[in-house]
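Chain B: place on chain A using the hints.
From first to last, the protein sequence lines are chains A and B. First residue of the first sequence? That's 181 in the working numbering, and the numbers climb one at a time after it. First residue of the second sequence? That's 110 in the working numbering, and the numbers climb one at a time after it.
No wet-lab data here; the hints were simulated from the structure. Heads up, a few of these hints could be off.
Straight-line alpha carbon distances no greater than 27 Å define the calculated DSS-like cross-link-like pairs of lysine-lysine that follow [what the hints assert, rightly or not]:
1. B:K151 <-> A:K231
2. B:K177 <-> B:K219
3. A:K224 <-> B:K151
4. A:K242 <-> A:K224
5. B:K165 <-> B:K180
6. B:K180 <-> A:K224
7. A:K224 <-> B:K177
8. A:K207 <-> B:K151
9. A:K207 <-> A:K224
10. A:K251 <-> A:K231
11. A:K207 <-> A:K231
12. A:K207 <-> A:K251
According to the in silico footprint, chain A covers these stretches of chain B (three or more CB under 8 Å from chain A) [as the list claims (entries may be wrong)]:
13. 151 to 165
14. 208 to 216
Glycine residues also receive a C-beta, built at the ideal position from the N, C-alpha and C atoms.
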Amino acid sequence: NAGVMQNPRHLVRRRGQEARLRCSPMKGHSHVYWYRQLPEEGLKFMVYLQKENIIDESGMPKERFSAEFPKEGPSILRIQQVVRGDSAAYFCASSSGPTTDTQYFGPGTRLTVL
Amino acid sequence: GESVGLHLPTLSVQEGDNSIINCAYSNSASDYFIWYKQESGKGPQFIIDIRSNMDKRQGQRVTVLLNKTVKHLSLQIAATQPGDSAVYFCAENNAGNMLTFGGGTRLMVKP
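Extracted from the complex, chain A is given alone in its bound form (with noise of 0.2 Å):
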């Protein structure tokens, strides 16, 4: 019975490389939400998506990042050109339903910019 999984869980890249980061759902669940957290900080909204659309992406800065959730394979959040600002733990977590279906998050992948 796993739980979202996230790879890697771990990611350092130089300033101007790009970031990959991955993310499976829950088996059964098809809506996706990557949020961003800062160190000591809550978790912020970055973009919802189910297969193949995105649904919601207002949290998401307008240049250098992007999300997709194609129809195989897992949820990738992309980061193009990444600065030092960049760095943070970023979180996936899935729900079976849309709103007020419980989300579940994977465990992270820390990115560190140098």
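Same frame as chain A, but now just chain B:
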């Protein structure tokens, strides 16, 4: 429940005592609330939830109280154990697609 920055409020309790963690939420239209526990280096773990048509819900050793009049949520942990030490976040869903998280409270349990 806005994030307040670098220093989390801390609640220190003796093992075996009851703990009460409070949260003020921001949106009167929110209709679903969740408490999460986050241990160091891990993702948030679901503890208990409550919908706006209720004012109290109980789980195993935990109780959530909701006061919609003053937009206040609390988490009560009975007989607190060392394994309860973590950061606790409340989150609200305001009829949208996202959870809005509060700033978190660090619970420290003294043996």
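Self-check item: Contradicted hints - numbers only
Solution: 2
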